[in-house]
Structures are given as C-alpha cells and as structure tokens.
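Student: Here are the chains, one letter per residue:
Number of protein chains: 2
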Amino acid sequence: MKPYAEMTKEELTAEVQAVQKEYNRYQALELHLDMSRGKPCREQLDLSMGLMDALHSGDDMTCEDGTDCRNYGVLDGIHEVKVLMGDMMENNPDNIIIYGNSSLNVMYDTVARAMTHGIMGNTPWCKLDKVKFLCPVPGYDRHFAITEYFGIEMIPVPMTPEGPDMDMVEELVSSDEAIKGIWCVPKYSNPQGYSYSDLTVRRFARLKPAAKDFRIFWDNAYGIHHLYDIKQDYLIEILQECKRAGNPDLVYKFASTSKITFPGSGIAALATSDNNLVDIKNQLKNQTIGHDKVNQLRHVRFFGDIHGMMKHMEKHAAIIRPKFEAVEEIFDENLTGLGIGEWTKPNGGYFISFDAMEGCAKEIVAKAKKAGVTLTGAGATWPYGKDPKDSNIRIAPTYPTLEDLKTAAKLFTVCVRLVSAQKLLKEMA
Amino acid sequence: MKPYAEMTKEELTAEVQAVQKEYNRYQALELHLDMSRGKPCREQLDLSMGLMDALHSGDDMTCEDGTDCRNYGVLDGIHEVKVLMGDMMENNPDNIIIYGNSSLNVMYDTVARAMTHGIMGNTPWCKLDKVKFLCPVPGYDRHFAITEYFGIEMIPVPMTPEGPDMDMVEELVSSDEAIKGIWCVPKYSNPQGYSYSDLTVRRFARLKPAAKDFRIFWDNAYGIHHLYDIKQDYLIEILQECKRAGNPDLVYKFASTSKITFPGSGIAALATSDNNLVDIKNQLKNQTIGHDKVNQLRHVRFFGDIHGMMKHMEKHAAIIRPKFEAVEEIFDENLTGLGIGEWTKPNGGYFISFDAMEGCAKEIVAKAKKAGVTLTGAGATWPYGKDPKDSNIRIAPTYPTLEDLKTAAKLFTVCVRLVSAQKLLKEMA
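As given, the protein sequences belong to chains A and B, one line each in that order.
The numbering used here puts the first residue of the first sequence at 1, with every later residue one more than the last.
The numbering used here puts the first residue of the second sequence at 1, with every later residue one more than the last.
One should not assume that every hint holds.
Distance condition first, Cα-Cα at most 35 Å in a straight line; then the derived DSBU-like pairs of lysine-lysine [stated by the list, open to error]:
#1 B:K132 to A:K285
#2 A:K281 to B:K285
#3 B:K231 to A:K410
#4 B:K132 to A:K130
#5 A:K285 to B:K9
#6 B:K132 to A:K127
#7 A:K285 to B:K281
#8 B:K362 to B:K386
#9 A:K311 to B:K285
#10 A:K132 to B:K285
#11 A:K362 to A:K311
#12 B:K285 to A:K285
#13 B:K212 to A:K285
#14 B:K362 to A:K130
#15 B:K231 to B:K410
#16 A:K370 to B:K281
#17 B:K386 to B:K9
#18 A:K281 to B:K130
#19 B:K281 to A:K132
#20 B:K212 to A:K281
#21 A:K285 to B:K130
#22 A:K386 to B:K127
#23 A:K127 to B:K212
#24 A:K212 to B:K410
#25 A:K281 to B:K231
#26 A:K369 to B:K285
#27 A:K281 to B:K208
#28 A:K127 to B:K369
Derived by calculation from the structure, the hints in this document are not laboratory data.
Values in this document were obtained by computation on a predicted structure and should not be read as measured data.
Could you put the whole structure together from the sequences, leaning on the hints where they help?
Tutor: Here you go:
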C-alpha cells in the first residue's frame, strides 16, 4: 500500500471504510487486554518462585559478618547483597546503599531530602524561588510525577538514539543555577529502549553545572535487561566516568531487582560517591533503623552471585523476546510504508516507543480503549502529561500472553490506520 | 541498709569502698553485654521462623481479590493484611494503609510530607517561621531525632503514670499555632511502660488545637505486647474516640509487627481518618507503586488471623517476662530503701525507666560501659539528648540472655550505688 499522504480523497475514504470494518470486528471480540505498564507476565514471575524456598525455618539467618538478619540494624544493607548489587550495577559495594522494595521510592526520597535539607550543605530546594529539572522526552511518567509533585519546573529535552540532546543539556545546565537535576534512563530507555552512547555518557560526566547541587538522576532500571544474547547494548559506567572527569559527586545512580525477581518485593539500591553517601546516610539514619535484611539474604541465597543473576535474566529474555518480536512484526506488516508512524526496535528493556502522526496519539489510545485494549495514556511520556505534538505512545509488550499481545498489537495498528486516515481526510475537507 | 541521704560521711565512705570493690570484681569479668536497645532476643526471633515456611515455591501467590502478590500494584496493602493489622490495631481495615518494614519510616515520611506539602491543604511547614512539637519526657529517642532533623522545636512535657501532663498539653496546644504535633507512645510507653489512662485519651481526643494542622502522632508500638496474662493495661482506641469527640482528623496512628515477627522484616501500618487517608495517598502514589505484598501475604499465611497473632504474643511474653522480673527483683534487692533511684514496673512493652539521683545518670552509664555493659546513652530519652536533671536511664532487658541480664542488672545497681554515694560524699566536702 502507498503512503497515506499520497492517497487521493477517494482512496483515503475507501481505506477508512475498510479499516473501520476491521475495527468493528475487534470491538465485537470484547477484549480486555492491558499493554499500559511495564509489568512482567506470570511466566516471568514464576521464574523467581525459588526465592520462596531460599530461606527455610531451619536455616541459619546470619550473614557473613555474623549479623542476625532477623533483628534490627545495618542501615545500608548487608555486605553480601552489596556485592551482588554492586556486580549488577558495576559499582564498588562500598559505594552502594541497599534500600527497600522500590527504587522509585529511593528517587522520591532523594528529591524530598534535597527539598528539605539540600544536597551536601547547599540551600534546601524548598527555600529557593525556583527549582528546575531537565526531562528527556519521551520519558518515564513516574519520574515526572515526582518532580511535578514537588513543584519542580520540568524542561523537556529531546531524546535521540544516542541519548538526550547533549548540546541542549550542556547549554541549560551550565547557564541556569535553578536547574538542579535531570532524569535519565540511560540503558534501554523508557519508552524508546535507546541506550546512551559513549560520547553522551562522557559528556554527562563532564557537565559544568551552574548549580553546585546539580545531580544526574541516573535510573539504570534496565541495566541487565537484555532481549538478545549477542545484540546487546553497552553502557559506560557513569560513576567511574565522573570520577575520571573530576566530577565524582555529580551522579545518583539507581537500580533494583523489580524486573529481575518480584516487582514490589525485590531490592532497590543507590550507588554514588563517598561524599554523597555521607550526606545521604546522615538523613537515612533518622528515617529508618534499616531495610529488610531477610529479603536481602533471601536474594543472595537465591542467586548465589552475579552469574546466577545473569542466567536468570536469560530466562526472562526467552519469555519476552518473542513478544517484542511479535509486536515489531505486526507493526512492520501493517504500518510499514504508510508514513503514519515510527517505532523503536530495542535490544532490551520493557518498552517500544511509537510516534504517530501529529495530533493522533490521544485518539489512537481512546480508540484502542474502546475496543478493550488499554495502552499507556497518550501524553504520559511527557512532563505534566502534555505531549505538545500529541504523537508519542508507549507500548508495553511484556504483560499479556503472546496470543493476546498479537491481537492487541494488530488492533493497535488498525487504530493507527483509522485515526490517521480520518485525520488526513479531515484536513482535505 | 538505710537511705544514703541519712548516712554520715564515714558510713558513706565505707559504702563507697565496699561498692568500689564490687565494681572492680565486675570489671575483671570483661563483660560485653548490651542493654541499650529494645531488641528482641534470639529465642524471640526463633518464634517467627515459621514465616520462612509460610510461602513455598509451589504456593498460590494470589490474594483474596485475585491480585498476584508478586507483581506491581496495590498502593495501600492487600485486603487480608489490612484486616489482620486492623484487628491488631483495633481499627477498620478501610482506615489503614499498609507500608513497608518500618513504622519509624512511616512517621518520618509523615513529617517530611507535612514539611514539603502541608497537611490537608494547610501551609507546608517548611514555609513557616517556626514549627514546634510537644515531646512527653522521658520518651523515645528516634521520635525526637526525626523532629530534630527537620529543625522542629521540641517542647518537653512531663510524663505521669496516666500519660503526659494533659493540663500542660491542652494549654500549649490551644494557645500556640506553631505547635503542630505531639509524639505519643500511648501503651507501655517507651521508656516507662506507662499506659495512658481513659481520661488522658479522652482529653487527647478533645484537644482544641490553635493549629488546624495539629496532629497527634500516636505510635502504638506495643499495643499487644503484654508481659502478663491477667495484669494487662487497657488503652482506649483513639480514632474512635476522636470521631466521637468531633475531631476525626486529629490523629495519625502507627503500628508495626517489628516486635511481633522480625524487626526490619515485618509490616508497618498507619490508621487514620478518611480525610487524612486521601491526603496521604495523594502523596504516596508519587512515592511508590506499592509496598512488599509478598511479605504481607507471608504474614497473613503465617498468623492466619488475630488469634494466631495473640497466641504468638503469649510466647514472646513467656520469654521476656522472666527478664523483666529478674531486673525488678535485682533492683528491689539492691536499691530499695536507699533513696537513690526509682524505677517503673511495666505490664508490657520493652523497657524499664530508671530515675537516678539528679546529676548521676551520665556517670552511671559511663561506669557501666567501663565495666562492659552498654546502656542507652543518658539523656537519650530527652529531646536533643539533654536530660536537664541528668537523671533518666532507659533499661532494655529483652536482648541479653537471662543469665547475662542478671549480671548486667546487678552491675547496674552497683554503678548506681557507687555514683550516688560518691556524689553525696562530694556534696558533704
């Protein structure tokens, strides 16, 4: 089929009629499918059921240094889980704090602490007239929700396949003292699945922020979440790079096992410089006596070491790779050449980013919803939920079964075609 | 033996010499005992090892409403754990939010939220010139650490066996708009083991605060932590009482299973009014996707229901009751009639509060430390760590073995006698 933009009014009208028929067929199926969030599917969760057998009532519950993991104490995590998470994050265990079940919570708390107490002796953000964050777009809605909640002004920065537009980042960060941070998902980014290039990471490490308390919020959520054995992205380790560049304190790096074991019942961690660690622990000691050490021990006993964890990730990939491939195949088959949408083909992570024709995303999502397929809300990938082009849609292929996913993906392409053709027709009128 | 105050200089000198000899004998033992924190002992932790068998790899991980507890979601906790914690806290499950592993963390976050966003539409505390909290003394050092960390001015209010001095509380709360909260451990208080009387609770529920955003921080940490079968304190349920008094939004009530199952690996909860819940969830949804539901399910499967939990608490009591009794017996035997100290005899909780002669607490704690027994730092039970009379010492009998505890308690009485006699002698000189 030829590009919609080259069709005559008659051709487009015929296309709308044909696609509408297809859409009606889907509507009659009364689907209830969810492609809205990056949730692992049941089979993925089953992979970690061994966690439930990792600790028994007869087991020794002491960790390497003799601490009874069942009692109070150990503010920043037991040593062996620091080693495991350190290997996973490519950081020194001594530069890691182990937290509770949610890295989002760690990020929230990091912003909250900066608001009330400032970073390393600088003025608390709540005492400043204006605090701003850079937000690579499209990006992760829950990041944006945190900064929005704290009244932080969000400035969109366009993403490229190499990472955020670094000319713009450098320009803004070096010229505006009110800019205190930037949200990054540097590997298999949410939603595009892009990984920052070497040059991008090196430029990040060499930023010269006007604000002394500017920090990069480096959410490495998908660090080991590859889809393929060979076709893997490689990301330069940012803490090392910052140290080398003479900017050791520039980064807070976050990670978790949420999409490795159980979302909501895993382990979150933060890696950062010695100075930042002192600053953070000075707060953390007032917030808690310590996080869940039994769950830390459980994870260590389950995985053994990083090799056990990497083997485990291969099993995840085997389950979700066919889902990504199915979506890509269906998109290719039904949309290629029509000039009404572009999408990413990531090597890892949890999402595919779809860019529809301008002004079509909301309508596409609404149409899919009406036919029983829930997508991430259009606009969600932008600060304040406002995509100025109304174009970006995040596709989350992992949660539905492969069969359901195929149905949902096909319906999605039908919605894209219908909405696009109708829009072009309207523009002709 | 007669009261020290009635002794002649010669008698006191002889006493000092005798007690010093005893002290030296203890020092020679090279003890390493810890009575500093309210930590359960090993035998208590062993009681909950069944938790480790409560969920196996073959088990169904869905909760009553069909939610897979292994995946993301459920911001405020699964229903069945709300029921269990609701029964424990004597609150409606619908008025409960289930959190992570630490009620201290919940209290911290509650203060942090009030700082940055205010309570129910009121001015964020960080925008106010002055924020004050009332602190019943002696009290819990980690409470005071939170308010100190946020720069909140702490005003000590004397505790009585009936609870805080309510004349003073009413007077202060109704006259000063800067007073935004009060820290309470209403049952088996930390450190005295006092429980608030009916009248105290009713007066709390009927406070007329000058500040619309005044809240009672009701940390019911020891709600079911009785030492005896019959000799149990009864505490009126505060949320109900506030509702009845027309002050439904006055209280945040906190609890956890930290001293029921594993400290640091249990479940924390907050109970409060519908209005407060809406206010809190509006923040919480930005902080996390949800807390550890697998651990919630594990606790429900382990206990079954509140009856299982109460049976479990009887086992705790059987282990720690002899420890409290041993301390009381040793104190009675070695200190009664000397007029150099008073101590509480609680029916529950984790502590005994000891009041030495004025100006002696620090020296007693230091002497015990020198002989290898670590006590809670003198002053810790007061805001800013400053006990104006240098008199109060918190005794935590649960952690050491019974034998060790007896040694530590005896040494403690030796230290009290030595320091008191020396002080009186010095005053004669």
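Student: Please verify whether K285 (chain A) and K9 (chain B) have alpha carbons no more than 35 Å apart.
Tutor: It is violated: about 47 Å lies between the C-alpha atoms, which goes past 35 Å.
Student: Take a quick look at whether K127 (chain A) and K369 (chain B) sit within 35 Å of each other, Cα to Cα.
Tutor: Answer violated: K127 (chain A) to K369 (chain B) is near 43 Å, above 35 Å.
Student: Are the Cα atoms of K127 (chain A) and K212 (chain B) separated by 35 Å or less?
Tutor: Given that 35 Å is the threshold and the Cα spacing comes to 23 Å, the pair holds.
Student: Please work out if K362 (chain A) and K311 (chain A) have their alpha carbons no farther apart than 35 Å.
Tutor: 40 Å, violated
Student: Given the hinted pair K281 (chain A) and K231 (chain B), is their alpha-carbon gap at most 35 Å?
Tutor: Distance ~42 Å between K281 (chain A) and K231 (chain B) Cα, so the pair is violated.
Student: K132 (chain B) and K130 (chain A) were given as a pair; does the straight-line alpha-carbon distance stay at or below 35 Å?
Tutor: 27 Å, holds
Student: For the pair supplied as a hint, K231 (chain B) and K410 (chain B), is the alpha-carbon distance within the 35 Å limit?
Tutor: It holds: about 26 Å lies between the C-alpha atoms, which stays within 35 Å.
Student: For K212 (chain A) and K410 (chain B), compute the direct alpha-carbon distance and say whether it is at most 35 Å.
Tutor: 55 Å, violated
Student: Keeping to a limit of 35 Å between CA atoms, is the pair of K285 (chain A) and K130 (chain B) held or broken?
Tutor: Since the Cα atoms of K285 (chain A) and K130 (chain B) sit roughly 24 Å apart, the hinted pair holds (cutoff 35 Å).
Student: Under the criterion that the straight-line Cα-Cα distance not exceed 35 Å, is the pair K281 (chain A), K208 (chain B) satisfied?
Tutor: 38 Å, violated
Student: Keeping to a limit of 35 Å between CA atoms, is the pair of K369 (chain A) and K285 (chain B) held or broken?
Tutor: 23 Å, holds
Student: Holds or violated: are the alpha carbons of K132 (chain B) and K285 (chain A) at most 35 Å from each other?
Tutor: The given pair, whose Cα atoms are some 22 Å apart, holds under the 35 Å limit.
The structure shown violates the earlier hints numbered 3, 5, 11, 14, 24, 25, 27 and 28.
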